[in-house]
Amino acid sequence: MTALAGGYVQSVDWLAIAPPTITAAAALAVLVADLFLAERNKPLLGWLATGGLALAALFLLPLRDGDRRTFCLTSDGGACSYTADHFAVVIQLLVLGGALLTALLSMSEVHDRGADNTPEGPDTDPEGRGGDAGRAGSEGRGGRGNVPAGEFWFLLLSSAAGAALLPASRDLATLVVALEVASLPAFALVGLRRGDRLSSEAALKFFLSSVTATAVMLMGVSFVYAATGSLHLSRIAGALGHVDPRLDTLAQAGVVLTLVGFAFKTAAVPFHFWVPDTYVGAPLPVAAYLSVIGKAVGFSGLILVTVLAFPAYADVWGPAVAVLAGLTMTAGNVAALRQRPDRAHSAVRLLAWSSVAQAGYLLVPIAAAGYADSSGDAAHAVGSTVAYALMYAAVNLGAFAVAALVTRTHPAGRLSDYRGLYASRPAAALALGFFLLCLAGLPPGVIGLFAKVTVFSAAVDAGLGWLAVVMAVNVVIALYYYLQWTAVLFRAPEPAAQPTTGTAATAAAAPATRAVPASLTAVIGLAAVLGVALSGAPQLVLRFASGALL
Amino acid sequence: MNHTALQSLLAALIVLPLLGSLAALLPAPPGLRGRGPDQAVLRHGVTVTGVVLAAAVALAAGFDHDRPAAMQAQTDISWIPALDIRIHLGVDGVSLPLLVLTALLTFLCALYGYFNMPAGPSPKAFVALLLLLEAGTLATFAVLDLMLFFLAFETVLIPMYFLINRWGGAGRERAAWRFILYTLLGSVVMLLGLLLVGLKGGTFDMVALASDNGSKLSHTTQLIAVLAIGIGLAVKAPMWPLHSWLPDAHTAAPTVGSVLLAGVLLKMGTYGLVRVVLPIAPDGAHALAPYLAAFAAVGIIYGSLACLALVRTGGRGDLKRLIAYSSVGHMGFVLLGIATLTPTGVNGALFANIAHGLITGLLFFLVGALKDRFGTTDLDQLSGTGGAALYGRAPRLGGLLAFGAVASLGLPGLAGFWGEMLAMFGAFRPADGLSRPAFLTFMALAGLGTLLTAAYLLLVVRRVCMGEHPEEEIPGTLTGASPEPGRRALVDVRGYEFAAWTPLVALTVLGGLWPAALLGLSDPAVQQLLAGGH
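Chains as they are written, first to last, in this note's numbering: chain A, 3 to 552; chain B, 18 to 551.
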């Protein structure tokens, strides 16, 4: 039996696949434990999930050398399906670290809501006017649906497992599977708040547009398979170099359609319409998760297929990604600029649009890779994307964490609610100011500035001068709204609400003194420490921009 | 002084204000609490800026004045190998005067603020921002790496924005926005230019790039780079027609903000032109110099005409705005000097830089004092029908204002004279290959500008300092809401005001009588920069 199958059975390097495997195992453990835990012990689930993620992240340590590969074909050439190279390890670190922060961020969200089932009385918006504000009111703390703890942690870990698998996948089938494992639980996470209309609507929107993108991508993958006869990225790269001229159109269509799927995940134009509604409808930690890990999944998949599988068609996808990058950042920034500060959820909306814009910056080095002369140069260029993404992950999660903190006292989540935050919570205001300046790329957010510099230099290096100029204009637009938000933090607090609002005013004043959960403080603190450390020693992440990762 | 001591002095110039800025946010330690938290933090600001000034003076004393062209007190540490960014600090004859000027003006501002804190939120943030601003400006003049230069250039924006936005006067929010948006737009373009230079030149090190003297950059690259970098610096300088942020920002800023904005921040633009553009991309600079000169000449005329319009009776001109426009004119001379690409012109530009910092700093202080006393800087309200009669009512203040005005118009014997004369002299015989007739025209325009400048400044003196001494005065109140500012009793120069202004007056006289002290420093360095660092 063994002798017979020996030629076909692939050996498995368990250590190499430990990070996604542990995450998946933890997901199952949480799901099972949920059945046996009493209601009051549910918070244990959160710590179990966090522990699982931390353990998975720890198992990245032995993989630092980046020389492990497994699930290799035993015949001809030995193309591998799973490679734990430097790129994979860094992205896995990003994914697992981001998921860990998200888990900490969710702790209070899930368990506070799970615990106090009693509605907190009528929670009307203090300045309720018009439909938007009314909608915000119905979503106040009491009105919000509860998040079921067990399912939440299971879905979060499953999605993280898929996201951790993706950067190491080296064949199209594994890539698609990983992408779906990362996405499917995300739909459920978005719609998890029971009895919340906005949440279900957001989930449906997200689901439908995502499924369309997946279908398109699968078609692309099948075209590529038809044209090249392989699913392994390295072999596709070889085969695409000399495609039968009759199949050339098919291969080109396959390349473009495959990219569409990943472009959707990164929320690139024109696949970005789902973002703001989904972020607003989802529980806040889930929005944070989507904005960081969802994007990481998208762009790492994009990097893998473009740089590893389709280098022969760089003249097709290079300009396409460049145009996409320019459009994405412009659309995101212009929409973010148009957010009215007094609209309900404008803070999360602004973060959502700004994340669309940031996705545009992330795409720039990938586009630059399309113009690279050699595969080494291409790998070098995408390093800028990785460096930028690491910065973005830390800082954006921090910003979402502060938003979560503010939403606890101001459920409407308007930008105007941040006015005078420095007076009531100086540390949180300083942290948010720092995060926003990092996102804007302005000192003292040194890391944000230099991450942008690497992206700029990738573009200038590749001769994409026009894209660099478009990005420069966008950086200024973005500076406008980030700075405006920062300035609001330090303005004098609004004078006390008029007596006419009566009970609402007192209701708004009362929760201002609520204690901040330790897990939330930890997330903000961790993100701030990361941001400050990186600002002092940008080399920590920027070295990925100088060395070839792939 | 040995090398290590100089090195640490230069590093301290940047690190001290940064640390001081952080420390200002923390509660005062026991023993340093003073008369209350506000007083303690303001005193902290004076102490830190005082120490920084002492360090700057010590650096100037230890500087080897026999070799001003050599980069001294150099520190060169790798910071971000991925981008080849190094913490490279150094000082030569071009940057040393600017470092001392910055340290001096910031110290004087901190001192002035200690006694006369502008109305606004807590002094804690004020001091922290002031120190951060100082760190950023000093770093701009001390770093020798293009990316660090950019970083330092940007660092000053946030503190200045908040200084204007939180402690400013009427229209401050709009003015602060304009200031930061204009400068950011310019500096992002500049970043692209710097990156282009760095990537094509193979390094971000200014010294290495200067000694390459553009030999590694093609003509097109140099043109694009100079255009991009030039736009960023020209917004800051400011060059007409990119100046329109400046009058609003100066008018709205608190006194201390105006002094630093005019005295130090504008210099970052012209310093960048001399340090980055001239030596690193000489071909590009050569091609674009006539345009720069033309804009500079227009700026000179435009600035003085704007001032003349403001000073008219019934023009409702604001004295602060007038001095802001006069800055556009004065910086026009600096830009003209740089555009000649000759040692004479560039030396003149650097001299005019320092002189403008001293004189305009003094003028903004004086106008701030007028505002404190009269509650307005509107010329029509100040002078009423006849004149504000400052000579009669507050003779010392009036005298100082007249001194500042004549220094600003370029009276020989005061600092304002030499720089503008040298800049025009440079334009008389521009560098080889530049069109002489064009530059002669610019020189003539600049000469006309000096006449117009003299005209409006003398009108200011006539309207503010002269006039009939009112017979009856309502005694006592300083800030009382008397409808007629012309009728109020005036306090003459106070002690702390003397302390803050005397150094500026003394240095203005010194610079006028002994220009060699400054020119001797800058000339060898300029010769070397123009010759390509050899």
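There's no promise every hint is true.
[Said to hold, decoys possible] Simulated coverage check for chain B against chain A, where a stretch passes if three residues somewhere in it have a Cβ under 8 Å from a Cβ of chain A:
(1) 113-126
(2) 211-220
(3) 370-378
(4) 415-427
[What the hints assert, rightly or not] Cβ-Cβ distance ranges computed for the label pairs, FRET-style:
(5) ALA87(B) with VAL325(A): 44 to 52 Å
(6) MET221(A) with SER235(B): 58 to 66 Å
(7) ARG340(A) with LEU42(B): 51 to 59 Å
(8) ARG340(A) with GLY416(B): 40 to 48 Å
Source of the hints: derived by calculation from the structure; they are not laboratory data. Glycine is no exception: its CB is placed at the ideal position from the N, C-alpha and C atoms.
Structure-based check of all given hints:
1. By the rule of at least three residues with a Cβ nearer than 8 Å to a Cβ of chain A, the coverage given for the stretch 113-126 of chain B is violated, with 0 such residues.
2. As drawn, the stretch 211-220 of chain B meets chain A at 4 residues by the rule of a beta-carbon pair under 8 Å; at three or more, the given contact holds.
3. With a cut-off of 8 Å between beta carbons, the stretch 370-378 of chain B has 0 residues touching chain A; three or more are needed, and the interface restraint is violated.
4. With a cut-off of 8 Å between beta carbons, the stretch 415-427 of chain B has 0 residues touching chain A; three or more are needed, and the interface restraint is violated.
5. Separation of ALA87(B) from VAL325(A) is about 50 Å and conforms to the stated range, judged on CB atoms against 44 to 52 Å.
6. Between MET221(A) and SER235(B) the C-beta distance comes to about 46 Å, which lies outside the given range of 58 to 66 Å.
7. Taking 51 to 59 Å as the suggested C-beta distance range, the pair ARG340(A) and LEU42(B) does not conform, at roughly 34 Å.
8. Separated by about 55 Å at the C-beta atoms, ARG340(A) and GLY416(B) break the suggested range of 40 to 48 Å.
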